[in-house]
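Using the sequences and the accompanying hints, generate a full structural model.
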Amino acid sequence: MTEAPDVALSVDSLTKDFKTRGPATRGVAPTMHRAVDSVSLTLVKGEILGLAGASGSGKTTLARCIVRLIEPDTGHVKLGGTDVTQARGKQLRMLRRRIQMIFQDPYASLNPRLTVASALTEVGRVHRRPGSEDSEAFVRNLLQQVHLASGTASRRPNELSGGQRQRVAIARALAAGPEVLIADEAVSALDVSIQAQLLNLFLDLRDEIGLSILFVTHQLAVLAAVADRIAIMQDGRIVESADSTSIFRNPQHAYTRALIDAHPHANPRLRFDARELPTSAEVNA
Amino acid sequence: MSLLSIGDLSIEFGSPADPLVAVHAVSLSIKPSEVLGLVGESGSGKSLTSRAIMRLIKRPGRITAGEVLFDGRDVLQMSQRELRQFRANDVGMVFQDPFSSLNPVFRIGSQLVDALRMSHDYDRGTAQRTVVDMLDRVGIPRPEHIFRAYPHELSGGMRQRVMIAMATAARPRLLLADEPTTALDVLTQKQILLLLSEMRREYGMAMLLVSHDFGVIAQMCDRVAIMYGGQIVESGPVESIYDSPQHPYTRALLRSVPGLEPVDRANRRQPLDGQPPEIGPLKQACVFAERCAHARDDCRRTPLPLRRISEGHFTACPFEVTSDANYDEAQR
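Order-wise, the sequence lines are chains A and B.
Per the working numbering, the very first residue in the first sequence carries number 1; after that it's consecutive.
Per the working numbering, the very first residue in the second sequence carries number 286; after that it's consecutive.
No wet-lab data here; the hints were simulated from the structure.
A virtual CB, placed ideally from N, CA and C, is assigned to each residue, including glycine.
Take the hints with a grain of salt, since some may be wrong.
[Claimed, not checked] Sample of chain A residues facing chain B (criterion: CB under 7 Å; computed from the structure):
1) Leu160
2) Ser161
3) Asp191
4) Ala196
5) Gln219
6) Ala221
7) Val222
8) Ala225
9) Ser244
10) Thr245
11) Phe248
12) Pro251
13) His263
14) Pro268
15) Phe272
This is the structure in structure tokens:
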């Protein structure tokens with residue numbers, strides 16, 4: 001299969017099963033649970049593709065299968081024409097440089113003993129990145145890209161706020177010089193004002209260095225701020241995918257509408273139960 | 286008459302000679318069956334304020350001033366015995382992470398039975414029947430079955446339902462809910478918020494809902510208090526705050542709340558720059574002055590008290606709302 005030149009990453013019929021044992025099956029032979037069910041999707045160069053679904057929809061498993069942190073059972077992942085699922089050894093290491101991933105909790109993914117500068121330099125050295133010989137300039141450039149002050153270079157993760165740590169995690173991903181970035185709930189643990197700053201950073205990376213980003217989250221509202229296109233995942237399957245505007249203005253699938261309905265509006269007149277909930281005056285009466 | 290009234294509460298860390306002020310002169314009140322929202326970001330002092338109501342401030346933190354009156358009695362002056370009674374019968378509490386509130390090695394049912402027998406003079410059989418009934422009331426399917434399950438066998442939403450069952454078992458008149466849905470996905474969040482509304486309506490229970498998400502606050506609350514840097518910067522009826530936020534921080538906060546309107550490439554949101562202040566010595570200045578686009582010299586020299594601008598609506602900013610293009614844009 002030849003790929004159109006503007007495709008950064010494509011996933012073709014990817015499936016992953018897990019063995020399960022829950023309260024309903026205690027003492028019973030394990031059953032299989034299909035976490036990802038024949039999923040295909042395409043990430044276009046320089047776009048942000050949102051992947052949304054509730055807990056257990058399979059979105060994180062899919063993201064992890066793409067970088068082979070979990071081995072998919074069947075299906076293919078292609079990065080610029082190379083099959084990620086078939087790669088081994090040195091080739092796999094090369095591919096992993098080109099697809100970087102960031103997670104919800106940057107505190108868990110950063111080495112507490114390394115300064116920001118040494119964490120970034122290490123990535124540059126391991127992947128022999130051009131420019132990494134001059135580590136000072138290499139670090140300065142990366143910090144600039146994620147809008148962190150140059151003084152951050154000498155800090156360790158425990159000296160940084162949650163938002164700053166996530167910026168460091170992004171800088172470390174960028175240090176590898178990736179074509180694709182996978183962000184798994186990357187802003188979910190942050191306060192809203194810091195979240196808004198980070199979302200703008202993802203937009204900068206898309207617009208300024210043409211990074212292609214797969215943005216995984218359970219919050220459709222977050223995707224409204226960043227995604228060009230959105231795929232909705234339920235029970236391991238993509239149930240709807242469209243450009244961002246169509247998803248919000250004209251959702252087709254019932255599950256998409258349920259996710260939209262579950263958004264907590266800041267406008268108190270749009271409460272879930274606005275018609276049912278009495279005011280405290282009525283309760284007291 | 287208020288059910289709960291907090292007056293001039295201050296919480297400090299560090300040495301008494303050189304205190305770091307985490308909460309300063311916070312006053313708020315909740316009427317019976319009213320829901321008050323306390324909104325702010327990490328480090329704003331909102332969780333400490335809610336924990337102070339139960340006297341759950343851990344050392345080296347300490348309450349250095351103020352009173353917490355529940356039904357006219359000062360919680361801060363209670364004996365250990367009175368405090369135990371108060372925590373068991375009058376107030377319930379639900380936290381963000383239900384997993385850390387449950388013991389992983391005991392079955393759900395036995396933990397709830399033990400908790401219930403601590404506060405009530407029930408025999409084991411009565412306590413068991415009550416627990417199954419409680420689980421049923423918070424919408425847990427097949428409660429007899431969940432009674433025998435371990436915490437790790439439940440989803441996050443189910444665990445939070447268990448915590449709500451536990452917190453409301455004694456039919457408290459006040460429920461403190463600290464980020465009760467922050468760890469949950471949006472669908473589960475909606476169910477839990479609806480459950481809390483329902484319990485509030487059914488029991489006439491008052492609630493203090495603590496959250497960093499104004500959307501969650503707006504879903505539930507009658508009134509809201511906005512905290513920044515350990516102080517309340519604005520408070521009022523939730524509609525009034527949403528329609529005409531007065532404090533520059535409140536406006537920035539509302540602007541940051543993600544909405545469902547797709548943002549096109551040319552037209553981004555303008556977030557608030559910088560970071561919330563770190564805990565430190567008390568400054569004789571407006572807490573928000575450093576990040577405020579409208580700050581004047583006076584703001585950096587004198588603390589700014591809350592002033593009334595309409596019925597029940599107070600702001601710490603002395604200036605009238607000026608036209609704010611970004612804000613108007615976000616409200617469109």
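Item checked: Enumerated hints in conflict with the structure, sorted upward -> As far as the earlier hints go, 1, 12 are violated by this structure, in ascending order.
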